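A.B. asks: As given, the protein sequences belong to chains A and B, one line each in that order.
Numbering (UniProt numbering) for the first sequence: 1 to 371.
Numbering (UniProt numbering) for the second sequence: 1 to 371.
Bear in mind the hints are in silico, worked out from the structure with no lab data behind them.
Please read all numbers here as calculations on a predicted model, not as lab measurements.
Glycine is no exception: its CB is placed at the ideal position from the N, C-alpha and C atoms.
Some hints here could point you the wrong way.
Said to hold, decoys possible - Cβ-to-Cβ under 8 angstroms is the rule here; a few derived chain A residues that face chain B:
hint, residue
1, Gly39
2, Leu98
3, Ala100
4, Ala126
5, Tyr127
6, Gly163
Stated by the list, open to error - Derived lysine-lysine pairs resembling DSSO-like cross-links, with alpha carbons at most 27 angstroms apart:
hint, chain 1, residue 1, chain 2, residue 2
7, A, Lys42, B, Lys42
8, B, Lys42, A, Lys43
9, A, Lys156, B, Lys156
10, B, Lys42, A, Lys159
There are 2 protein chains.
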Amino acid sequence: MAGETEIRELTVELGERSYPIRIGTGLLERAGSLFEECGFPKKSPILLVADESVVGLYAGKLERSLKDAGYSVATAVVPSGEQSKSLAQFNDLITEALEAGLDRRSTVVALGGGVVGDLAGFVAAAYMRGVRFVQVPTTILAHDSSVGGKVAVNHKLAKNIIGAFHQPEFVLYDLNTLKSLPPREIRSGFAEVVKHGLIWDAEFTSWCDRNSDKLLALDDEALGHALYEGCRVKSIVVSRDERENDLRAILNLGHTIGHALEAVGSYNQLLHGEAISIGMVGAARLAAKFGYGEELASETERLLRKFELPVRIPAGYDTDAIMSAMQHDKKFTEGAMVFVVPKRIGEVEIRGDVQAAWVRDIVEQLKGETG
Amino acid sequence: MAGETEIRELTVELGERSYPIRIGTGLLERAGSLFEECGFPKKSPILLVADESVVGLYAGKLERSLKDAGYSVATAVVPSGEQSKSLAQFNDLITEALEAGLDRRSTVVALGGGVVGDLAGFVAAAYMRGVRFVQVPTTILAHDSSVGGKVAVNHKLAKNIIGAFHQPEFVLYDLNTLKSLPPREIRSGFAEVVKHGLIWDAEFTSWCDRNSDKLLALDDEALGHALYEGCRVKSIVVSRDERENDLRAILNLGHTIGHALEAVGSYNQLLHGEAISIGMVGAARLAAKFGYGEELASETERLLRKFELPVRIPAGYDTDAIMSAMQHDKKFTEGAMVFVVPKRIGEVEIRGDVQAAWVRDIVEQLKGETG
Ligand SMILES: NC(=O)c1ccc[n+]([C@@H]2O[C@H](COP(=O)([O-])OP(=O)(O)OC[C@H]3O[C@@H](n4cnc5c(N)ncnc54)[C@H](O)[C@@H]3O)[C@@H](O)[C@H]2O)c1
Ligand SMILES: NC(=O)c1ccc[n+]([C@@H]2O[C@H](COP(=O)([O-])OP(=O)(O)OC[C@H]3O[C@@H](n4cnc5c(N)ncnc54)[C@H](O)[C@@H]3O)[C@@H](O)[C@H]2O)c1
Ligand SMILES: [Zn+2]
Ligand SMILES: [Zn+2]
């Protein structure tokens, strides 16, 4: 049996929609009793939606635990990759839910990374106008996507444009599932962990800096702490602004440039974490325009390099294409150019007065310099 | 110009999601100033979703009023009929919204009956995880569907199975638009008006009884009163139980049998109001099983006949098919057979102890007797 570490628990405070996040090893095996504790009714079938890369490895454990507790479970497999976040895949899952007899008291469980979490979450949000939802994230990046209730699928013209706010009943983060992640996915996931430090917590940022080796080696104890702290920052922000009226936008640090890079690379060159890593360096350089410390950019860059993340725009990316992808990003409300800009490590602000020319300069720099 | 009647207004009380319903003549022409009063931002484009049967008659007036007030409006036309409540049509409208540049502060406006209201409402619920929504109902039945925030599309295996609760910002009910309704749609719409009387208000029920002729002739004054009272009952019920945990289920009077009849008729034989008219007679006959007055059934039947609505199951409907369609209805939570049963005119109760054999008997009666 894999080493047993402490189970860490925290609560996303959202009034009557509050929910716990549990992080530790061996949690899949205990899912059944958690469902019982939460009072999920046994007569209502559960739909388990699993990424095809993880279904063979972990779905069996989860199913067994649920069935042993007396639940009936139907499992639907979703092809790996961003293209599964589509209305077609959504419709197929609704068919599976109907065929499995899911009723208003049923639960949809997502087992996988952000793709399966976002997709299954939208199924849970829309099936019979909303049923229970449980997140069982299996990537490091999904410490971010599984918390906060944003669920969505893509449209051919825009990512995440069709969705809902639908909070899970709980998040079950079994560290054992992360062991099978490809190294590149591991590094990409840490970009969001680092982001949570940079926007909110200087102490945690410096802890990440000191523990990067342990983290990259997936040391259970370090990993548990990092995911706990990442989830904690995310949940504080979401608690204060569930529907992104103001504060929640700080979670987009690095995402304005990052999303543009993903789009220009047709979503198959840079991983999400890699793109926002470059984006965070860009945002840190923007800080200097507002008179914040020059060393912010070099510090940010040094930290991301420790996680073996890219900090320069790869060759072949066209500046005009990047700039125009940014104009289409939905974060530009009413045409104003809005950016999350760091003030110091652990603190950011949302600025609506960012000039496109500055951004273009920085994009050019990040292309020109050798990484 | 069509006769100007008093504008009736009522509020659906839902805390910060409360909204007004305005009923009267000549309201389309005033839409622009209402949008302004509500503070809808002028920079954010509006998507007007119109039923193809009404677009030529009324969309121009609405567009002009909005444009005169300084709004930019894109109009999308939806084919008439239930088959438009599909994910395919939903996806097309998302495309139109993106192409028209709708942002997070934009509004989706539904101009049509329940089909367009439900479809455009789900677009508003899901586009960018939710934008503003305005209902401009053009059928009598839509006094029901435009209030209460239930929005949905159909799946090939089940009606209304994909949806959300998404309340409108307001409902604008222009009586002038009802003048072009086909007579059969008029009668069908009054079935839901009568239903609102039967479940909540004996006095209003008796008023309907006395004014059926004026109503069928679409007399503005009588129509305004009937739609006001229908909306009032609906909004009281929705205010007390927005998400159908308990009370809201009383709105399903006549719908258990009604939905089964619609399904068995492949949704192209009976109109919704016609089906629930028969269903309400069935529910009233069930009342006798619980010791409530025998005259309830004959009274209900007499009233519905005054609105020229069907009160018997047409020839060719198979009892087994009706019974099995009822078992699939999502209102049968966990296999129990739940029915809304009238106690007296103006009061109903939700009973979970209805035996299938009773229902089967009543279905047989409603088939056997000559209407
Ligand atoms: N909802 C939100 O708030 C939010 C936040 C951030 C990102 N996202 C979304 O999350 C998605 C990205 O998430 P992701 O990075 O987890 O991507 P992902 O779900 O595609 O997973 C990455 C890859 O790892 C594989 N995989 C997953 N778990 C594995 C495991 N345990 N072992 C081996 N392989 C495994 C997957 O098959 C996939 O190929 C994007 O669609 C993004 O839009 C959403
Ligand atoms: N959301 C809810 O709470 C709720 C409640 C009840 C019904 N519904 C839904 O409403 C739908 C039925 O609504 P409906 O009866 O309004 O049907 P509808 O929208 O199909 O309209 C009926 C017919 O009248 C035509 N029409 C509409 N307005 C017209 C006008 N002013 N002049 C001439 N023709 C006009 C339409 O093209 C259509 O052919 C169903 O899909 C049902 O599921 C929803
Ligand atoms: Zn991200
Ligand atoms: Zn109805």
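A.B. asks: Work down the list of hints and note, for each, if the structure agrees.
C.D. replies: Comparing the hints with the structure gives:
Taking 8 angstroms as the C-beta contact cut-off toward chain B, the hint placing Gly39/A at the interface is violated, the least distance being around 14 angstroms. Because the closest C-beta pair between Leu98/A and chain B is about 5 angstroms apart, less than 8 angstroms, the hint holds. With 8 angstroms as the threshold, the beta carbon of Ala100/A stays out of range of chain B, its nearest partner Cβ sitting at about 12 angstroms, so the hint is violated. Satisfaction of the interface hint for Ala126/A is found here, the shortest Cβ-Cβ separation to chain B being roughly 5 angstroms, below the 8 angstroms cut-off.
A distance limit of 8 angstroms between C-beta atoms decides the matter here; for Tyr127/A the minimum to chain B is near 7 angstroms, and the interface restraint holds. With its C-beta approaching chain B no nearer than about 5 angstroms, Gly163/A sits inside the 8 angstroms limit, and its interface hint holds. Between Lys42/A and Lys42/B, the direct Cα distance comes to roughly 51 angstroms. Violation of the 27 angstroms bound is thereby established for this hinted pair. Distance restraint check for Lys42/B and Lys43/A: the Cα-Cα separation of roughly 50 angstroms exceeds the 27 angstroms cut-off, and the hinted pair is therefore not satisfied.
A distance of roughly 23 angstroms separates the Cα atoms of Lys156/A and Lys156/B; the hinted pair therefore holds under the 27 angstroms criterion. The suggested pairing of Lys42/B with Lys159/A holds, with an alpha-carbon distance near 25 angstroms, which does not exceed 27 angstroms.
Figure legend: structure checked against the earlier numbered hints; hints not met, in rising order: 1, 3, 7 and 8.
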